[in-house]
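Asker: From first to last, the protein sequence lines are chains A and B. Start counting the first sequence at 1; every next residue gets the next number (our numbering). Start counting the second sequence at 1; every next residue gets the next number (our numbering).
In case anyone wonders, no lab produced these hints; they're calculated from the structure. Fair warning: there could be bad hints in the mix.
[Claimed, not checked] Here are the simulated SDA-like pairs of lysine to any residue, each with C-alpha atoms no more than 20 Å apart in a straight line:
{"hint": "1", "chain 1": "B", "residue 1": "K102", "chain 2": "B", "residue 2": "P89"}
{"hint": "2", "chain 1": "A", "residue 1": "K144", "chain 2": "A", "residue 2": "K174"}
{"hint": "3", "chain 1": "B", "residue 1": "K141", "chain 2": "A", "residue 2": "N392"}
{"hint": "4", "chain 1": "B", "residue 1": "K102", "chain 2": "B", "residue 2": "L132"}
{"hint": "5", "chain 1": "B", "residue 1": "K127", "chain 2": "B", "residue 2": "A71"}
{"hint": "6", "chain 1": "B", "residue 1": "K102", "chain 2": "A", "residue 2": "G384"}
{"hint": "7", "chain 1": "B", "residue 1": "K102", "chain 2": "B", "residue 2": "A143"}
{"hint": "8", "chain 1": "B", "residue 1": "K131", "chain 2": "B", "residue 2": "H205"}
{"hint": "9", "chain 1": "A", "residue 1": "K325", "chain 2": "B", "residue 2": "V146"}
{"hint": "10", "chain 1": "A", "residue 1": "K325", "chain 2": "B", "residue 2": "K129"}
{"hint": "11", "chain 1": "A", "residue 1": "K232", "chain 2": "A", "residue 2": "N392"}
{"hint": "12", "chain 1": "A", "residue 1": "K144", "chain 2": "A", "residue 2": "T109"}
{"hint": "13", "chain 1": "B", "residue 1": "K114", "chain 2": "A", "residue 2": "A376"}
{"hint": "14", "chain 1": "B", "residue 1": "K141", "chain 2": "A", "residue 2": "A396"}
{"hint": "15", "chain 1": "B", "residue 1": "K141", "chain 2": "A", "residue 2": "T109"}
{"hint": "16", "chain 1": "B", "residue 1": "K131", "chain 2": "B", "residue 2": "I180"}
{"hint": "17", "chain 1": "B", "residue 1": "K141", "chain 2": "A", "residue 2": "P145"}
{"hint": "18", "chain 1": "B", "residue 1": "K141", "chain 2": "A", "residue 2": "G332"}
{"hint": "19", "chain 1": "B", "residue 1": "K102", "chain 2": "A", "residue 2": "S407"}
{"hint": "20", "chain 1": "B", "residue 1": "K102", "chain 2": "A", "residue 2": "G404"}
{"hint": "21", "chain 1": "B", "residue 1": "K131", "chain 2": "B", "residue 2": "K114"}
{"hint": "22", "chain 1": "B", "residue 1": "K184", "chain 2": "B", "residue 2": "R142"}
{"hint": "23", "chain 1": "B", "residue 1": "K141", "chain 2": "A", "residue 2": "K325"}
{"hint": "24", "chain 1": "B", "residue 1": "K141", "chain 2": "A", "residue 2": "L379"}
{"hint": "25", "chain 1": "B", "residue 1": "K102", "chain 2": "A", "residue 2": "A376"}
{"hint": "26", "chain 1": "B", "residue 1": "K141", "chain 2": "A", "residue 2": "K144"}
{"hint": "27", "chain 1": "B", "residue 1": "K102", "chain 2": "A", "residue 2": "K325"}
{"hint": "28", "chain 1": "B", "residue 1": "K127", "chain 2": "B", "residue 2": "G113"}
{"hint": "29", "chain 1": "A", "residue 1": "K413", "chain 2": "A", "residue 2": "L341"}
{"hint": "30", "chain 1": "A", "residue 1": "K112", "chain 2": "A", "residue 2": "K144"}
{"hint": "31", "chain 1": "B", "residue 1": "K141", "chain 2": "A", "residue 2": "I401"}
{"hint": "32", "chain 1": "B", "residue 1": "K129", "chain 2": "B", "residue 2": "S229"}
{"hint": "33", "chain 1": "B", "residue 1": "K124", "chain 2": "B", "residue 2": "N106"}
{"hint": "34", "chain 1": "B", "residue 1": "K141", "chain 2": "A", "residue 2": "V92"}
{"hint": "35", "chain 1": "A", "residue 1": "K325", "chain 2": "B", "residue 2": "N191"}
{"hint": "36", "chain 1": "B", "residue 1": "K102", "chain 2": "B", "residue 2": "M72"}
[Stated by the list, open to error] Chain B is nowhere near these chain A residues, computed Cβ spacing over 12 Å in every case:
{"hint": "37", "residue": "E31"}
{"hint": "38", "residue": "L97"}
{"hint": "39", "residue": "E358"}
{"hint": "40", "residue": "L367"}
Think of the CB as a built atom: it goes at the ideal place given N, C-alpha and C, for glycine as much as any other residue.
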Amino acid sequence: MKQSALLDHPFGARYAAALPAADAARQDARETLALEGLPGPKREEWRFTPLRGLAKIPFIPAASADDIDVCDLPADVPRFTDAHRIVLVNGVYRADLSDTASETGLTVTEAKTPDHGVDAPLAVLNAAYMSGGVTISVRGVVAKPVHLVSIGAAGAEPAAFHPRLAIAVAPAAKLTILETHHGLPGQPYFSNPVTTISVGTAGVLRRYVLVREDSEAFHLATTVADVAADAKFDAFHLGLGGALVRQEISVDFVGEGAAVRLNGAYALMGRAHHDFTTFMNHDMPNCTSSQVFKGVVDGESRGVYQGRVLVARHAQKTDGQQLHKALFLSRGPQIDCKPELEIYADDVKCAHGATTGELDPDHLFYLAARGIDPQAARLLLVQGFLADALENVDDAVVRDILSGEISGWLMRKASA
Amino acid sequence: MALLEIKNLHVSVGGKKILNGISLALNAGEVHAIMGPNGTGKSTLSNVIAGRDGYDVTEGQVLLDGQDILAMEADERARAGVFLAFQYPVEIPGVTTSAFLKTAINAKRRAEGKPEIDAMEFLKLVKAKQKLLSMPDDMIKRALNVGFSGGEKKRAEVLQMTLLEPRVAILDETDSGLDIDALKIVSEGVNTLRGPDRTFLIITHYQRLLNYIVPDHVHVLVGGRVVASGGKELAEQLEAEGYARYLSAA
Ligand SMILES: Nc1ncnc2c1ncn2[C@@H]1O[C@H](COP(=O)(O)OP(=O)(O)OP(=O)(O)O)[C@@H](O)[C@H]1O
Ligand SMILES: [Mg+2]
């Protein structure tokens with residue numbers, strides 16, 4: 001029942017009143033939001049990731065707060081030298097912090113209105129209060145990668161922001177983008193980005209996403225991607241921080257021969273919650289999707305992987321693989337893993353697998369036999385488990401950045 | 001006093017008795033070889049000395065410099081100078097050989113009160129030792145033992161030994177899987193480490209290794225017992241006759 005699926009939430013009239021009058025697109029979304037609300041625990045896709053805690057926080061629109069002052073890039077934001085840098089603070093493009101030298105084929109514009117209808121519930125919330133973002137269009141081969149930095153910050157009150165990102169890769173064009181999401185400590189902030197991606201015929205998009213939000217922050221990101229014939233979409237998502245993080249990624253195969261690789265890793269400590277929810281909509285023949293997700297969990301944390309692969313009747317010769325591997329560092333955490341295969345075609349190659357385990361005692365003994373103490377040995381093995389996931393990151397510079405982020409997480413864990 | 005002394009060692013695994021009162025004294029400067037049929041407890045003995053979990057020592061002692069090490073953790077024993085070259089080295093995905101080697105070297109240096117090795121010095125040292133063992137330079141960039149061939153794994157074990165310079169080195173069938181040239185190279189690696197402050201316990205099925213690493217003592221292990229000890233001629237005799245006479249006696 002709709003009623004039981006609804007949650008009371010802070011994004012109603014009070015929230016809207018803090019903002020200037022809405023345009024038609026936003027108004028439309030607000031009406032849908034008023035009807036549908038935020039998903040409650042009875043909504044199957046949200047069963048493992050409850051929004052009760054989030055819904056109790058009286059967020060104000062970050063745009064309406066006049067006590068937020070971010071004038072520098074925080075020191076802990078990785079520096080991707082030799083990349084175009086686009087910086088968003090609370091979802092709003094900041095030319096003063098960005099550095100996008102002009103390059104033929106690359107166009108970056110500020111997004112003004114939520115012009116793509118995405119019907120996931122958090123995308124409706126995003127459209128209702130869309131507060132900035134950028135559109136990145138690519139023609140031809142863009143040699144320099146793009147580094148998009150998102151900084152979240154609240155003032156005296158908890159603040160929310162809802163940016164729109166669009167990445168459009170023209171036919172045969174190529175782009176590598178690294179997105180890193182960070183924030184400042186203080187009152188909780190809520191980052192609710194929606195990203196729409198289109199990869200044109202025979203285009204190539206490499207998208208790497210790091211979510212390392214502040215430990216009190218919320219991050220619920222929705223990505224929808226259209227992948228055309230013979231195109232390649234290669235994604236890697238790393239979740240290393242935030243109180244509640246969900247990275248939801250849906251891919252529509254809109255042409256034959258497309259290849260999608262969607263990999264990810266997460267590491268959780270304390271009471272952190274991280275959710276990867278993916279949907280591969282195989283609606284065309286001869287496409288491949290491959291997913292490998294790895295998680296390390298400690299403390300009382302909770303990791304979620306929900307992967308749905310749908311193969312339409314006419315989508316023959318689909319190859320759809322998914323694998324989730326979890327490593328428990330203690331008895332406290334919980335993992336919910338729900339792979340779903342829905343296949344209506346008869347000539348396909350699809351499989352899913354899941355493993356959970358603790359550190360291998362044979363590995364620990366091997367390291368001990370070389371004089372490495374148990375704490376250092378565990379560190380090395382956990383790092384190895386996560387580093388192994390990075391093997392799939394083709395860009396060497398990005399791989400180094402992400403590997404450094406994993407070391408950072410381990411250091412935070414050691415000192416926690 | 002022997003550098004390593006094993007005294008009347010009885011060990012069971014999961015209630016099954018494997019070692020039945022082994023006594024051996026390894027003096028500094030000596031090389032001891034152990035030979036024996038499959039499943040007689042050679043690896044069990046090495047694992048117990050190195051401190052692997054899962055073994056019940058029901059009786060006996062293992063003394064390093066006269067101190068019982070059986071209560072020590074495996075990593076403490078290693079830092080005290082015990083090294084085991086594994087019969088089956090494990091593959092550890094994601095951990096690069098170089099990160100592993102550096103961590104191991106620094107663990108030892110810290111225990112000795114020395115500063116951590118600097119990156120340049122580390123690379124130089126590893127490169128030199130790799131050259132000695134005819135190993136390619138880029139091997140240390142790969143994940144530890146992952147996809148290494150059988151012989152490469154054994155060479156990597158010997159590389160670790162030469163880098164860590166243990167006082168007691170146990171080589172559990174390090175020769176199996178090595179080609180003829182590699183056997184020579186690895187033996188030379190061991191021989192260069194031979195010295196007055198060090199002792200070796202070499203487990204092998206083949207006398208050929210002992211042509212290259214000439215042992216001071218050879219012991220025959222059958223049914224968890226040392227049933228015979230002698231000089232290097234004992235290995236030659238075993239090669240010719242097999243274990244038949246010891247098996248019937250045991
Ligand atoms: N964890 C265990 N559980 C049960 N039995 C074990 C265990 N470990 C060893 N054993 C048994 O103990 C015996 C001795 O094994 P060990 O590996 O020490 O033999 P080995 O002399 O090294 O043989 P090989 O020459 O084949 O390497 C074998 O019968 C083996 O099956
Ligand atoms: Mg053995």
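Asker: Does each hint hold? Answer for all of them.
Answerer: Verification of the hints:
For a cut-off of 20 Å, the pair hint linking K102/B to P89/B stands: about 18 Å separates their Cα positions. Pair hint K144/A plus K174/A holds up; C-alpha atoms about 10 Å apart against a cutoff of 20 Å. This hinted pair checks out: K141/B and N392/A have alpha carbons roughly 16 Å apart, not beyond 20 Å. A threshold of 20 Å between alpha carbons decides the hint, and for K102/B with L132/B the separation of about 19 Å falls inside it, so the pair holds.
Distance check on the hinted pair: K127/B and A71/B sit about 36 Å apart at the alpha-carbon level, beyond 20 Å; violated. Among the hinted pairs, K102/B with G384/A is consistent with the structure: their alpha-carbon atoms are about 15 Å apart, no more than 20 Å. Among the hinted pairs, K102/B with A143/B is consistent with the structure: their alpha-carbon atoms are about 14 Å apart, no more than 20 Å. At roughly 27 Å between alpha-carbon atoms, K131/B and H205/B are farther apart than 20 Å, so this suggested pair is violated.
Between K325/A and V146/B the alpha-carbon distance is near 19 Å, which keeps this suggested pair within the 20 Å criterion. With a CA separation close to 37 Å, the supplied pair K325/A and K129/B exceeds the 20 Å bound. This hinted pair checks out: K232/A and N392/A have alpha carbons roughly 14 Å apart, not beyond 20 Å. The suggested pairing of K144/A with T109/A holds, with an alpha-carbon distance near 17 Å, which does not exceed 20 Å.
For the hint linking K114/B to A376/A, the alpha-carbon distance of about 18 Å falls within 20 Å, and the restraint holds. Distance hint between K141/B and A396/A is fulfilled; the C-alpha atoms sit about 14 Å from each other, no more than 20 Å. Taking the CA atoms of K141/B and T109/A, the gap is about 42 Å. The hint is violated against a cut of 20 Å. This hinted pair checks out: K131/B and I180/B have alpha carbons roughly 18 Å apart, not beyond 20 Å.
For the hint pairing K141/B with P145/A, the CA-to-CA distance comes to about 26 Å; that exceeds 20 Å, so the pair is violated. Using a Cα cut-off of 20 Å, the hinted pair K141/B and G332/A is violated, with the two alpha carbons roughly 35 Å apart. As the CA atoms of K102/B and S407/A are separated by approximately 16 Å, the hinted pair is consistent with the 20 Å bound. For the hint pairing K102/B with G404/A, the CA-to-CA distance comes to about 18 Å; that is within 20 Å, so the pair holds.
For the suggested pair K131/B and K114/B, the alpha carbons sit about 26 Å apart, so the restraint of at most 20 Å is broken. Of the supplied pair hints, the one linking K184/B and R142/B is violated, its CA atoms being roughly 25 Å apart against a limit of 20 Å. For the proposed pair K141/B and K325/A, the alpha carbon gap of about 24 Å is over 20 Å, so the pair is violated. About 19 Å separates the Cα atoms of K141/B and L379/A, which keeps this hinted pair within 20 Å; it holds.
The suggested pairing of K102/B with A376/A holds, with an alpha-carbon distance near 12 Å, which does not exceed 20 Å. Proposed proximity of K141/B and K144/A is contradicted: the alpha carbons are some 27 Å apart, above 20 Å. Annotation: proposed proximity of K102/B to K325/A is violated, straight-line Cα distance about 28 Å (limit 20 Å). For the suggested pair K127/B and G113/B, the alpha carbons sit about 25 Å apart, so the restraint of at most 20 Å is broken.
Between K413/A and L341/A the alpha-carbon distance is near 36 Å, which puts this suggested pair outside the 20 Å criterion. Taking the CA atoms of K112/A and K144/A, the gap is about 26 Å. The hint is violated against a cut of 20 Å. Using a Cα cut-off of 20 Å, the hinted pair K141/B and I401/A holds, with the two alpha carbons roughly 18 Å apart. The hinted pair formed by K129/B and S229/B fails the criterion: a straight-line CA distance of about 34 Å is larger than 20 Å.
At most 20 Å may separate the alpha-carbon atoms for a hinted pair to count; K124/B and N106/B meet this at roughly 15 Å. Note on K141/B and V92/A: the hinted pairing is violated, with a Cα-Cα distance of about 42 Å set against a maximum of 20 Å. The straight-line distance between the Cα atoms of K325/A and N191/B is roughly 44 Å, outside the 20 Å bound, and the hint therefore fails. For the proposed pair K102/B and M72/B, the alpha carbon gap of about 23 Å is over 20 Å, so the pair is violated.
Residue-level check passed: E31/A sits 49 Å from the nearest beta carbon of chain B, beyond 12 Å. Listed as a non-interface residue, L97/A keeps its Cβ farther than 12 Å from every Cβ of chain B; the least gap is roughly 34 Å. Listed as a non-interface residue, E358/A keeps its Cβ farther than 12 Å from every Cβ of chain B; the least gap is roughly 14 Å. At roughly 7 Å from the closest C-beta of chain B, the C-beta of L367/A falls inside 12 Å, breaking its exclusion from the interface.
Violated hints, listed in ascending order, are 5, 8, 10, 15, 17, 18, 21, 22, 23, 26, 27, 28, 29, 30, 32, 34, 35, 36 and 40; each of the other numbered hints is respected by the structure.
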